[in-house]
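Peer 1: Protein chains in written order, with my numbering: chain A, 1 to 390; chain B, 391 to 737; chain C, 738 to 1029.
None of these hints come from the bench; they were simulated from the model.
Incorrect hints may have been included.
Said to hold, decoys possible - Derived EDC-like pairs: lysine to aspartate or glutamate, alpha-carbon spacing no greater than 20 angstroms straight-line:
no. : chain 1 : residue 1 : chain 2 : residue 2
1   : A       : 164       : A       : 385
2   : A       : 30        : A       : 332
3   : A       : 378       : A       : 302
4   : B       : 513       : C       : 873
5   : A       : 331       : A       : 85
6   : A       : 123       : A       : 332
7   : A       : 250       : C       : 867
8   : B       : 513       : C       : 867
9   : A       : 218       : C       : 999
10  : A       : 218       : C       : 1025
11  : A       : 267       : C       : 862
To be verified - Output of the computed footprint for chain C on chain B, the stretches with three or more beta carbons under 8 angstroms from beta carbons of chain C:
no. : segment
12  : 478-484
13  : 506-512
14  : 649-663
15  : 704-715
Claimed, not checked - Chain A side only, calculated, beta carbon under 8 angstroms to chain B, not exhaustive:
no. : residue
16  : 79
17  : 84
18  : 93
19  : 178
20  : 189
Glycine included, every Cβ here is placed at the ideal spot set by N, Cα and C.
Here is how the chains run, residue by residue.
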Amino acid sequence: MTISKIAKHVTGALLSVGLISGAAQASDKKDIVFGGSIPLTGVFAFAGVGIHAGITDAVKIINDEGGIEGHKLVYVPEDTAYKVDASVAAFNKITSQHDVNLYYGDSTAFSKTISPEINRLGKMVMTGASFASELDDPEKFPNIFIPGPSYTDMTGILLNHIAKEKPGAKVGLVHSETEFGRDPVEGAKATAKELGLDMNLIISTAPGGVDVSTEVLKIRRARPDYVIFHGYVLAPIPEFMTQARAMGLKTKFMGTFWSTDNSMVSKMGEVADGFLGVMPYNYYYSEQENAPMLDKIRSMRDTYQSNAYMQGFFSTMMMAEGTRNALKAGKELTGANIKAGLQEIKDFDTGGVIGVPVSVKGNSVPVGRVYRYDLSKKQMVPASDWILLD
Amino acid sequence: MRIGTAKENYIADEALFDTNVQRGWMIALIAALIALPFLSGQYAIYLVCLVLINIVSTTGLNILTGFTGLVSLGQAAFMGVGAYIVAIMEIHLGTPFLLNLIVAGFGAALVGIIVGLPSLRVKGLYLAIATIAASVILHFVFANWTSVTGGVSGLSMPPASFFGSELIQPDQVYWMIMPITVIMLFGAANLFRTRIGRAFIAIRDRDISAEVLGIRLLRYKLMSFAISSFYAGVAGGLWAYFFRVITPESFPLLMSIFFLAAIIVGGMGSILGGILGAVFMTMVPEVLKMMVGVLSPIWPDAVAVMSPVRIIVFGALIIFFLIFEPEGLAEIWRKIRRFFHLWPFKT
Amino acid sequence: MDWLFFSEIGLAGIGTGGLYAVAGLAFVLIYKATRVVNMAMGELLMAGAYIFIGFSAGLALPVWISIPLTILATGLLGGVIERTIIRPMLGENAISIFMVTIGLGSVLVGLVEIFWGADPHRLVDFIPSDPIFIGEAYLSPKVGYGFAVAAVIIGLFLVVFRTWRGGVALRATAGDQAAAYSMGINVPKVFSLVWVIAAMIAAIGGILVGSIGGVSPSMGVYGLSVLVVVIIGGLDSLLGALIAGIFVGLIETYAGAYLGGEYKMLATFSLLVLILVVRPYGLFGTHEIERL
């Protein structure tokens, strides 16, 4: 364990002591519980740790500002190792010990599993790490909220960007052979067709596959102008890019949310220069006028926080805002009322977490921005304006 | 000291429980199982259900590995077969759950027999690897036979219904899981009072000698595979009713390893061992989680730091038991009992 | 039929196979001398790769110092594992030992997550990235150089195995432990030595695999493919591991290229089943005759 990690734990402990003493003077209104199945270990741990930190900080900020209409927000996480049964176990444990109104789920499979249960309990809304297109359906999933655009919307934003840059371009899609990876394939095909793009290559890669040179050879044959990666965090994207560059391909590479984290892209090395990614949020370091929340995040954490952190942070803000709307309207805290509160959110100023005021549409917040990796700055920098989908 | 256990005939010697005291304890245990949902919260019942499902599957694996001496790393995949069968029947046919579970058991048994076919030629570790191959192939089928299994996104199924009322909450599904587990356990215990069970043990101890004694190896090995996978299939079916969503990722290789670890920790070749192992291995992560819960007010990142510890503890338990107590928890249990049997005399 | 594509895939397959052969070599070495099926092979590779990260990125040492240090440290780890976990299991049945190594794998994953976290990592780029063209066919430089290193390691190992005194002791132990012991060979020491050497080879394999595919705590999955290799080749055959390594590498890449990524595992494992049915002891394994 490094010194900085220990220091982080110590500061964390001190912070929590502060929290406890602060809690003593909190109002006597009932706590609002935000439960979470968080993948702190396992294949998605990279994201889970960030999400956990993001939610923790957002909850602290909300409580420091007097909670949600005077109600204290309490965050109750459980580790799931990114396994559905462990997530369900966590859900059962948390709901049997607390009166839960808000929940954070870690995977698409879990969201689908627990959704009927949430509908039946009727008192909570769930957000989560999944941007699955399937969940973006208020009819089928009335109590689910996606803190950003769905994967299909993300690829849509990228394809729109491509269509603007180079009409009629050839586009490839490389995805992992998982539910997460396959999610936007059909949607992306349809969007590409609409935009007049030629999606001439779709490659699926086996999880745990090491060598990608055969896939790169396929790219070399198809010579797409753009390749979108989906369903990865880091590997095998850098390998794809290195080899494609070595072959002299001029293909531009793009990623969706979970492969656009700045620290991950930085790890890709020099080939990452020019890598494009879509993100609904600002980065930790983004410069923006009038961004009190970003400043607060930077004052709470002095090192770079991942985009998973921003995701967790934003999810918490939105969930709190939805709850606030429901409470303001004097309604009881039920799933339907909180969801209605979420859907009321219109032109909401996130204090710089997202650069534009956002509105909830359907189950999601269809906003995003294309970023480009700038090697000289070692940062993802904006490559487009904020794009609001309808 | 225990007295009055003189056996007067072979039937008494073979009996499942030798004394009235044992029978009494058994009745008390079952009474406790019946009383449980009325006394505890949803989460406790949830855990008990999970433990019971794991017990069924672990016992199945114990029949194959602990009693017949054939190592399998395919138990989770067989559970998957059962789970998919139950889900498909529930979605498309809506047949009663008992029928679905039985079909799931037989379906899994059939797959088990096919996987077990090489077992006459292939032995020991080669067999273990062959079962890994079987689970990889089954995983591929689950993930790619999209029209039937729903592909990578899997299947969502309606809850089981019992005389018109739906079994949704853990305390409702419990009434399906608990009796079936008890019946399956009695079945397994009784199996080893029959010729088949004794043949299994003979094969485990020395298969060539068993063959010389007139036990047809292929037949009994396949039978062991079939029974073991039947248990896995039923466990998988219960799992499906319990979680109501099945994806190809629900039954990973790690789960097979978990069951193997459970029989090692519990005690191979002992029904009690399988039960203890399943309980122990399911509860250890819970205990660790509770420790994290206790620590989290003073150390908020405990949950993140303690998580790898869980993986280490899982591995360390396997290593520890294999090195220091190869007979497992069942042996520890026997030692404790012996202590009380000999109590006033051996001090 | 696009023959250029076909041959390029073939080259990539052979390259991948070379890496399998290295890991297979370490695996077979352990099995031959100690009769331990090491299910933690993938995790040992992973540990090697992470130790390399520790030296090259953590301590920021140059690559040419980090590599030998990594090999030494992983070798030491192998020795420690043998003394603390494998030695006490001597004489237990094969299944127990097999399970001990599974437990070991789990412990290694947990330790790595504690020290380095769960994030995926990339190794320092030290392999040249200029493309290799054999004729017109392209070969990924990392795979190409990886294969070259693998070939050198294997060659070196075979020479040592044949000529060095320790190599002879090792072969004698593999042949008959009791006879070797009575001829004055320190068999327990050979056991330790084998684990040290195998762990060193695993470290090299881990660095190569890690620099191609990245490093993460789930890298141990690679061990499954290695398992296929050694079972197909025969658990106790060094030659088998080399041939099966290349063979599995080829099958895997061809399946991946022509059928799709999801068929890779299916193809190799189906092959495994097929071989087991036809030749239960693998292509080159020793058929053990059972006696009562």
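Peer 1: Does each hint hold? Answer for all of them.
Peer 2: Checked hints:
1. Our distance criterion of 20 angstroms between C-alpha atoms is met by residue 164 (chain A) and residue 385 (chain A), whose separation comes to about 13 angstroms.
2. Taken as a hint, the residue 30 (chain A) and residue 332 (chain A) pair is honoured in the structure, with Cα atoms around 12 angstroms apart against an allowance of 20 angstroms.
3. In summary, the hint linking residue 378 (chain A) to residue 302 (chain A) is supported, as the alpha carbons are separated by about 18 angstroms, within the 20 angstroms threshold.
4. At roughly 47 angstroms between alpha-carbon atoms, residue 513 (chain B) and residue 873 (chain C) are farther apart than 20 angstroms, so this suggested pair is violated.
5. Pair hint residue 331 (chain A) plus residue 85 (chain A) does not hold up; C-alpha atoms about 34 angstroms apart against a cutoff of 20 angstroms.
6. The suggested pairing of residue 123 (chain A) with residue 332 (chain A) holds, with an alpha-carbon distance near 9 angstroms, which does not exceed 20 angstroms.
7. This hinted pair checks out: residue 250 (chain A) and residue 867 (chain C) have alpha carbons roughly 16 angstroms apart, not beyond 20 angstroms.
8. With a C-alpha separation of about 47 angstroms, the suggested pair residue 513 (chain B) and residue 867 (chain C) falls outside the 20 angstroms cut-off, and the hint is violated.
9. Between residue 218 (chain A) and residue 999 (chain C) the alpha-carbon distance is near 16 angstroms, which keeps this suggested pair within the 20 angstroms criterion.
10. Restraint check: the Cα-Cα separation between residue 218 (chain A) and residue 1025 (chain C) comes to about 45 angstroms, which exceeds 20 angstroms; the hinted pair is violated.
11. Of the supplied pair hints, the one linking residue 267 (chain A) and residue 862 (chain C) holds, its CA atoms being roughly 11 angstroms apart against a limit of 20 angstroms.
12. Counting residues of the segment 478-484 of chain B whose beta carbon lies closer than 8 angstroms to any beta carbon of chain C gives 0, which falls below the threshold of three, so the coverage claim is violated.
13. Beta-carbon proximity to chain C at under 8 angstroms applies to 3 residues in the segment 506-512 of chain B; the threshold of 3 is reached and the given coverage holds.
14. Figure legend: the segment 649-663 of chain B, annotated as covered by chain C; annotation consistent (3 residues with Cβ-Cβ distances under 8 angstroms, at least 3 required).
15. With 8 residues having a beta carbon nearer than 8 angstroms to a beta carbon of chain C, the segment 704-715 of chain B meets the requirement of three or more and the stated coverage holds.
16. Below 8 angstroms, beta-carbon pairs count as interface contacts, and residue 79 (chain A) has one with chain B at about 5 angstroms; its hint therefore holds.
17. Contact between residue 84 (chain A) and chain B, as hinted, is supported at the beta carbon level, the nearest pair being about 6 angstroms apart and thus within 8 angstroms.
18. Checking residue 93 (chain A) against chain B: minimum C-beta separation of about 5 angstroms stays under 8 angstroms; hint holds.
19. Taken as an interface hint, residue 178 (chain A) checks out: its beta carbon lies about 6 angstroms from the nearest beta carbon of chain B, inside 8 angstroms.
20. A hinted interface residue such as residue 189 (chain A) counts as satisfied when its beta carbon comes closer than 8 angstroms to some beta carbon of chain B; here the least separation is about 16 angstroms, so the hint is violated.
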